[in-house]
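What follows is the residue order along each chain.
Protein chains: 2
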Amino acid sequence: MSDKKTNINVGSFSCPLPIMDYTTIQMAHGAGGKLSADLIEKVFLPCFGNETLNKMEDQATLENPNGRLAFTTDSFVVSPIFFPGGNIGELAINGTINDICMNGAVPKYLSCGFILEEGLLIADLHKIVVSMKQAADKAGVQIVTGDTKVVDHGSCDKLFINTSGIGIIPNEIDMGISKIEIGDNIILSGTIADHGMAVMTTREGLSFKTQITSDTAALNRLVHKMLNVSTEIHAMRDPTRGGVATTLNEMAKSAQKGIQIYEDKIPVRDDVRGACEILGIDPLYVANEGKLIAFVKKDIAEAVLAAMHKNEFGENATIIGEVVDEHIGKVAMKTPLGINRIVDMPIGEQLPRIC
Amino acid sequence: MSDKKTNINVGSFSCPLPIMDYTTIQMAHGAGGKLSADLIEKVFLPCFGNETLNKMEDQATLENPNGRLAFTTDSFVVSPIFFPGGNIGELAINGTINDICMNGAVPKYLSCGFILEEGLLIADLHKIVVSMKQAADKAGVQIVTGDTKVVDHGSCDKLFINTSGIGIIPNEIDMGISKIEIGDNIILSGTIADHGMAVMTTREGLSFKTQITSDTAALNRLVHKMLNVSTEIHAMRDPTRGGVATTLNEMAKSAQKGIQIYEDKIPVRDDVRGACEILGIDPLYVANEGKLIAFVKKDIAEAVLAAMHKNEFGENATIIGEVVDEHIGKVAMKTPLGINRIVDMPIGEQLPRIC
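Quick mapping for you: the protein sequence lines, in order, are chains A and B.
Just so we're aligned: the first sequence equals residues 0 to 354 in numbering that gives the first Met the number 0.
Just so we're aligned: the second sequence equals residues 0 to 354 in numbering that gives the first Met the number 0.
Be a bit skeptical, because a hint or two may be false.
The list treats identical chains as one, so a pair stands whether inside a single copy or across any two.
What the hints assert, rightly or not - Quick list of in silico lysine to aspartate or glutamate cross-link-like pairs, DMTMM-like style, CA-CA up to 20 Å:
#1 Lys297 <-> Asp20
#2 Lys252 <-> Asp343
#3 Lys33 <-> Asp343
#4 Lys33 <-> Asp156
#5 Lys264 <-> Glu50
#6 Lys264 <-> Glu321
#7 Lys41 <-> Glu203
#8 Lys54 <-> Asp263
#9 Lys333 <-> Glu314
#10 Lys54 <-> Asp173
#11 Lys208 <-> Asp263
#12 Lys252 <-> Glu40
#13 Lys329 <-> Asp37
#14 Lys126 <-> Asp298
#15 Lys252 <-> Asp151
#16 Lys224 <-> Asp156
#17 Lys126 <-> Glu311
#18 Lys296 <-> Glu171
#19 Lys252 <-> Asp37
#20 Lys296 <-> Asp270
#21 Lys329 <-> Asp343
#22 Lys297 <-> Asp173
#23 Lys178 <-> Glu50
#24 Lys296 <-> Asp343
Keep in mind that the hints were calculated from the coordinates and are not lab data.
Next up, chain A with everything else stripped away, as it sits in the complex (with noise of 0.2 Å):
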């Protein structure tokens, strides 16, 4: 069985818009009250339910998992919170698996806390909570505790969603930033700049022949697929805020290696370096949501690389280049003319919101 035809399978989820005595959200919903406890019965529960989230304690309790822990925590605070390919629901959920299993670890566990503005629609935060629970069960992790607050009208743009999640690091695996060598090939799984210049586009209002899509997705399934092909991927990182030329710098820093990347192996659609052009911003700069880059020994760089491409979301992986033993600390990149240039770290904000 295909990981699509998995996917197609148990992202069916669907859930019809609750009845409710309320078209928007009210302070009321924040405040711990009967209509707190209406907007958790009818709005998450229906969607999120599990036997540990039924439960309604103010905490999750969970099974002692055989294997270290993962932990980690992501605010979104995307505008808008609807744009091609996603939402910002779909895109907590996902960036919240893609941090947990970049170290290996197996996602399992979820928490979400809103942050409500007063006046919101609730048919958008139905909307948002039904595809958290389709992005959820199609990476087939649980969510299993929350929280919900509300804000008055112009405190908060619309709603923010923290998402922390815990995952199980198997007991063969170690990876991390200081495991990278020398001579160890960089691998990334997809075309760049997707995420980022679907929202900007959006708020833009440009428009192209093809429209731009996120490329959000929860990259679990493919990290497990290269797991089985060795152990000895050294580090994995998901290029989002900053893009690809943030990650790679951040690694370079902290490995105190250096890394040499090759323009022309980076994956870009036409029309994503299209818009990137108009709006004169470099995608190697701009956020991706579903991509990962992967440090791996040499030797088994092929196998991985093959493994990758029997998956949807790493289809166009590539190699795109090397750890070096030159420029510590920085990343170079060779463009088809041969040239070498540093890629810096941007000091500025070139895309805000854009997770």
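For this one, chain A is given, so just place chain B on it according to the hints.
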């Protein structure tokens, strides 16, 4: 060594305000570039730094615990962010610790997700971060992972904080609302409505002879002392948003038992009662941030109470009522005049943004 002494020793953490290029938060502080790194390196790491956090991976790796896990999340949006007796950061740490330990878990690890408004004073953020570290130290928990987002001025109100947390439930502990029995005594750990009225009087600009201060506190050491007396403590809750009235209503409904309480047994500070009268608020519905309600087997109640009185956060603990076989799913309160009235769930929002 008394708790108090321990607390004074470990609560002495301090950290000088860092010298930075900006005095206020810029959009670029959330962009994942150089300014983001600057904020993390100068504000967050000097305060929160520990072996796990310092690895700066996107997720924390934690040792395999011996016991079931408790997992919780809570977002904090209190306004104002500084109030008598505390601030939003201290509240976030204590609040999440309390959610974790209410089922007998020992709180271990916390995450912090910050949503910062462009223009926030870095000195204010720093003060909050320092107090978070102090609160975490005092309770004996570690902050192991975090995330920062910055939104444009006007898109959030100064700062919001999500704290999620993990605790370990010892194998011999098995608490929960389903364990509540007819005849159980209901213990309240101290005076009610302190936190809510500290925030409200600050907001309304009311002043009294004595300043009403928040009761924000981590209750894990108190819970530990109680469980040392007996594991026949059936359930615990911290009566935060919606106060004692809302928490007891939720428990009565969830346990499908009746709850009987006695008005003259419920401790309220004179200044808090006065402020409630002026503002027309019932203290039973006002948030507490350092109190717990415990349902304990009748024959161990006095012993548990005696242990609580020895802890700084349980000095005023008292038995306020019992679980009864009448008015199933509801809470009744006998007034000093002998009238027994139903204490209902609040419908609307009495005190917005109290936590």
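Evaluation of the provided hints:
1. Lys297 <-> Asp20: Classified as neither; 61 Å inside a copy, 42 Å across copies.
2. Lys252 <-> Asp343: within (11 Å within a copy, 58 Å between copies)
3. Lys33 <-> Asp343: between (53 Å within a copy, 10 Å between copies)
4. Lys33 <-> Asp156: Intra 25 Å, inter 26 Å, cutoff 20 Å: neither.
5. Lys264 <-> Glu50: neither (47 Å within a copy, 37 Å between copies)
6. Lys264 <-> Glu321: Classified as within; 12 Å inside a copy, 71 Å across copies.
7. Lys41 <-> Glu203: neither (35 Å within a copy, 35 Å between copies)
8. Lys54 <-> Asp263: neither (53 Å within a copy, 32 Å between copies)
9. Lys333 <-> Glu314: Neither: 24 Å inside a copy, 69 Å across copies.
10. Lys54 <-> Asp173: Between. Shortest inter-copy distance 14 Å satisfies the 20 Å Cα cut-off; intra-copy 35 Å does not.
11. Lys208 <-> Asp263: Neither: 24 Å inside a chain and 73 Å across chains, both beyond 20 Å.
12. Lys252 <-> Glu40: between (48 Å within a copy, 13 Å between copies)
13. Lys329 <-> Asp37: Classified as between: cross-chain Cα gap 17 Å, same-chain 53 Å, threshold 20 Å.
14. Lys126 <-> Asp298: neither (46 Å within a copy, 50 Å between copies)
15. Lys252 <-> Asp151: neither (42 Å within a copy, 29 Å between copies)
16. Lys224 <-> Asp156: Classified as neither; 39 Å inside a copy, 43 Å across copies.
17. Lys126 <-> Glu311: neither (25 Å within a copy, 47 Å between copies)
18. Lys296 <-> Glu171: For Lys296 and Glu171, only the intra-copy Cα distance (17 Å) is at most 20 Å; the inter-copy one is 46 Å.
19. Lys252 <-> Asp37: between (49 Å within a copy, 14 Å between copies)
20. Lys296 <-> Asp270: neither (33 Å within a copy, 68 Å between copies)
21. Lys329 <-> Asp343: within (8 Å within a copy, 63 Å between copies)
22. Lys297 <-> Asp173: Within one copy only: 18 Å inside, 50 Å across.
23. Lys178 <-> Glu50: For Lys178 and Glu50, only the inter-copy Cα distance (17 Å) is at most 20 Å; the intra-copy one is 39 Å.
24. Lys296 <-> Asp343: neither (25 Å within a copy, 64 Å between copies)
The structure fails to meet hints 1, 4, 5, 7, 8, 9, 11, 14, 15, 16, 17, 20 and 24 from the earlier list, while all remaining hints are met.
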